[in-house]
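Protein chains: 2
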Amino acid sequence: MSKKMEKITSRDVDFAQWYTDVVKNSGLIDYGPVKGTMIFKPYGYAIWENIQRIMDAQFKKLGVTNVYFPLLIPASLFNKEKDHIEGFAPEVATVTKVGDKVLAEELYIRPTSETLIVDHFAKEVKSYRDLPLLYNQWTSVMRWEKTTRPFLRSSEFLWQEGHTIHSSKEEARNFTLNILDLYATFARETLSLPVISGRKTEKEKFAGAKETYTIEALMYDGQSLQSGTSHYFEDNFAKAFNIKFQNKEQKEEFGYTTSWGMSTRIIGAIIMTHADDFGLVLPSKVAPIQVQIININESDEVVNTSKQLFDQLVDDYRVNIDKTDKSFGFKISEAEIKGIPLRIEVGPRDLANGVVTISRRDIRSKEQIKLEDVKTYIDTQIQEYDKNIYNIALQNREQRTFKASTIEEYMKLLDEKQGFVLVPFCGEISCENDIKEKTQTNSRCIPDGVEQTKSKCFNCQKESNNMVYFARAY
Amino acid sequence: MSKKMEKITSRDVDFAQWYTDVVKNSGLIDYGPVKGTMIFKPYGYAIWENIQRIMDAQFKKLGVTNVYFPLLIPASLFNKEKDHIEGFAPEVATVTKVGDKVLAEELYIRPTSETLIVDHFAKEVKSYRDLPLLYNQWTSVMRWEKTTRPFLRSSEFLWQEGHTIHSSKEEARNFTLNILDLYATFARETLSLPVISGRKTEKEKFAGAKETYTIEALMYDGQSLQSGTSHYFEDNFAKAFNIKFQNKEQKEEFGYTTSWGMSTRIIGAIIMTHADDFGLVLPSKVAPIQVQIININESDEVVNTSKQLFDQLVDDYRVNIDKTDKSFGFKISEAEIKGIPLRIEVGPRDLANGVVTISRRDIRSKEQIKLEDVKTYIDTQIQEYDKNIYNIALQNREQRTFKASTIEEYMKLLDEKQGFVLVPFCGEISCENDIKEKTQTNSRCIPDGVEQTKSKCFNCQKESNNMVYFARAY
Chain A
1 MSKKMEKITS RDVDFAQWYT DVVKNSGLID YGPVKGTMIF KPYGYAIWEN IQRIMDAQFK
61 KLGVTNVYFP LLIPASLFNK EKDHIEGFAP EVATVTKVGD KVLAEELYIR PTSETLIVDH
121 FAKEVKSYRD LPLLYNQWTS VMRWEKTTRP FLRSSEFLWQ EGHTIHSSKE EARNFTLNIL
181 DLYATFARET LSLPVISGRK TEKEKFAGAK ETYTIEALMY DGQSLQSGTS HYFEDNFAKA
241 FNIKFQNKEQ KEEFGYTTSW GMSTRIIGAI IMTHADDFGL VLPSKVAPIQ VQIININESD
301 EVVNTSKQLF DQLVDDYRVN IDKTDKSFGF KISEAEIKGI PLRIEVGPRD LANGVVTISR
361 RDIRSKEQIK LEDVKTYIDT QIQEYDKNIY NIALQNREQR TFKASTIEEY MKLLDEKQGF
421 VLVPFCGEIS CENDIKEKTQ TNSRCIPDGV EQTKSKCFNC QKESNNMVYF ARAY
Chain B
1 MSKKMEKITS RDVDFAQWYT DVVKNSGLID YGPVKGTMIF KPYGYAIWEN IQRIMDAQFK
61 KLGVTNVYFP LLIPASLFNK EKDHIEGFAP EVATVTKVGD KVLAEELYIR PTSETLIVDH
121 FAKEVKSYRD LPLLYNQWTS VMRWEKTTRP FLRSSEFLWQ EGHTIHSSKE EARNFTLNIL
181 DLYATFARET LSLPVISGRK TEKEKFAGAK ETYTIEALMY DGQSLQSGTS HYFEDNFAKA
241 FNIKFQNKEQ KEEFGYTTSW GMSTRIIGAI IMTHADDFGL VLPSKVAPIQ VQIININESD
301 EVVNTSKQLF DQLVDDYRVN IDKTDKSFGF KISEAEIKGI PLRIEVGPRD LANGVVTISR
361 RDIRSKEQIK LEDVKTYIDT QIQEYDKNIY NIALQNREQR TFKASTIEEY MKLLDEKQGF
421 VLVPFCGEIS CENDIKEKTQ TNSRCIPDGV EQTKSKCFNC QKESNNMVYF ARAY
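If you read the sequences in order, they're chains A and B. One point on numbering: in full-length UniProt numbering, the residue at position 445 of the first sequence is 445, and numbering is uninterrupted. One point on numbering: in full-length UniProt numbering, the residue at position 436 of the second sequence is 436, and numbering is uninterrupted.
Hints in this document: simulated from the structure, not taken from any laboratory. Treat each hint with caution, since some may be false.
It does not matter which identical chain is used: a pair holds within one copy or between any two.
Pairs of lysine-lysine residues, derived as DSS-like cross-links and limited to a Cα-Cα distance of at most 27 Å, are as follows [what the hints assert, rightly or not]: (1) Lys210 <-> Lys7; (2) Lys7 <-> Lys126; (3) Lys285 <-> Lys60; (4) Lys169 <-> Lys24; (5) Lys375 <-> Lys210; (6) Lys375 <-> Lys307; (7) Lys80 <-> Lys387; (8) Lys456 <-> Lys80; (9) Lys436 <-> Lys239; (10) Lys248 <-> Lys326; (11) Lys387 <-> Lys146; (12) Lys61 <-> Lys326; (13) Lys35 <-> Lys97.
As the structure is a prediction and not an experimental result, all values here were calculated from the model.
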């Protein structure tokens, strides 16, 4: 990279421009030639690879097995579940020909593989002995979007989609909740994102689902980002696709299915939660480089010391010595903009005192650490770093969580502040459509861990059993 | 899976039917709803995951970084390199609309990402300091095939595609050869496939390439399977896409590119090389299960012993206790058909003598091994197993490698035998077209490690500098 570092707009001045600047200057992606598509450059893809590796191991502990289903879905198959097709129809990219030859049937590029996988389940499942089937795949999907932004909304995105089938409602519903818990824990512990979790309202649940669960992360600007969803279908898909199995009582019964997904949107959540005016701030567990070593000059002493530090750290950390021929100042800015958690500067003056200078990206500290203490210092600081960025995000969320009991109060909060607003809500689709019209916002979730009291709906004044979070959202 | 095991045709009676039977009965795949597509079921995908994990680590040692480029390529971009488009045009699946809306420009589903990545290189590369860029991606690609067979030829397949750009011819060409070497070593050491490697003839090289290198594996029936290719483009793509960089002498120069790929075809090679009339025989390094433990009954003694064996082995091996409620006989057949390298049977009579029975899938042995020796026995036998299946395949290759000096001799060998036939060949496209017409076969490669003597071309009698392998191929 011989390009000049460009300036980043302040996030308090123009959050949208700041986001674009950070994404562009940190080398995560480039735009693809087809509108709304993106190229994951090595630095961007490496974050996704780390997410994949950690999450995949967690899925496998639950007994999930990976599979791969074809990219293309025949129109007739896709159209089998009515609600489902209505949800996706306007967004599906359609293959109509191969070379010069027009196809007899149109083929859709998967916006999700629900129908393909459920159709396969119908063939595989005969008896309760075949159950459960716990499938997951890591793929790309396409949903044509009108307005696109890197990571947040693109015509093609990367994700994992899990699909399972079970022999009882309870088992299927529990699995749905186990995955929700896995997502929430992953967000909190691996990505330092203090998400809230809960159930979607009728209006916001997934096309064809009985219940949809979600984790929602609050961005620095107070808008919510849906960061992972887990759907319980009961036997809706099994009925549409005629998946019957012989149960232990030798009777035929429809299977119970779930599906769940997390996508590269989560990288957008990482950026909009943790990054600052100096660039990215990456959670250490998914940072492609965790420790960057920068030499102040190329004297033997400096080069040898940085090599020794590298050797000390390489077994436990993703550590890198910046060997490019850029200037020292440029290397520092680049380590900052790329959000590398810890930076070690090795220079002759420090070495004369037996120390190196170590900086933490989150607090932009500079501490002189004795050579023999470097490893211990890094061990402690990298944990503090993840805790600190979690706490900053949690503080933002707590300061931006409000209550309202009327639509006027809610609209005032939307005008003056941004954040999660907890309201009593009747849960009806017509009422939520009305709210959407008035405020351009949707409900985020019926949260776990919040007392669900009886009250009057904040919009329609009908009886309400649920406290629900509403917010502006990406 | 409560289905009955079906019978496998003998591979010496009908090799094609045998292949279909093995693929179907071993649970690797199912057919997708779109013609020529396949569903990788958990057992089939797990083999690919193991291949990915091992190969990806080897790529990374060469400095390769993973990326992800979009699925769709605008027609105008794809058409920039003339030879390239000619190679793929009749096979490309084309997106012409989204929902009901017809697109202004047709979009191709990638048959390879060459053009997208090279176009991106043109934006990224300014100076020799930006070079080399060493990219790889693990994706699916589509090439519409008229006749399809699982793994060997399908409309969509999984692969890795590497693309690199360098500042000198030498570096680019060396990288091409390093990857060829990586593929050959991987095939031999990880998959027990005794491949030959070499350069493709003018006719057989990749569309747009200066040189194409290949590894070729000989199947049990004596036909060749191209199992990985590495292409050196010199500056062909750089000229078509105008990728110039400022070299160390401050002069503008075109970049030098390579590309290389290995696909799920390699699983077809594994099957057709190692499998037998009892089902799959999987190389241990990529076998989803390396050791299968089967209990003869569910007495405490048996269950506890098998658990102890599991615990002893689980740190070093992918070990599994078959806990399904199938019959003992069925479990044995299933372990065989799935090609699990080693099988441990735990039963009360053996335990009375302090032993268990261990079978090796390749030689279908049955040995009684003392409980305390199980781990050591497995350690040795699993290595012997991989060596043995390599040697069997090597013996087959050696017995099926022939020489011919005239087209008549070659055609006689094709009629009576199958295998690699080494012939002196002029290398001209017109002559190879003529051979193709006469024999329906192509050259496989100009092999490494074979003396390249001057002679007369076996077909046209013109002067020939090269000894070339011809063979029937999948």
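Taking the hints in turn, this is what the structure says about them:
| no. | hint | in the structure |
| --- | --- | --- |
| 1 | Lys210 <-> Lys7 | neither (48 Å within a copy, 42 Å between copies) |
| 2 | Lys7 <-> Lys126 | between (61 Å within a copy, 20 Å between copies) |
| 3 | Lys285 <-> Lys60 | both (19 Å within a copy, 19 Å between copies) |
| 4 | Lys169 <-> Lys24 | neither (46 Å within a copy, 32 Å between copies) |
| 5 | Lys375 <-> Lys210 | neither (51 Å within a copy, 49 Å between copies) |
| 6 | Lys375 <-> Lys307 | within (14 Å within a copy, 40 Å between copies) |
| 7 | Lys80 <-> Lys387 | neither (47 Å within a copy, 50 Å between copies) |
| 8 | Lys456 <-> Lys80 | neither (39 Å within a copy, 64 Å between copies) |
| 9 | Lys436 <-> Lys239 | neither (32 Å within a copy, 53 Å between copies) |
| 10 | Lys248 <-> Lys326 | between (69 Å within a copy, 15 Å between copies) |
| 11 | Lys387 <-> Lys146 | neither (37 Å within a copy, 57 Å between copies) |
| 12 | Lys61 <-> Lys326 | between (44 Å within a copy, 24 Å between copies) |
| 13 | Lys35 <-> Lys97 | both (21 Å within a copy, 14 Å between copies) |
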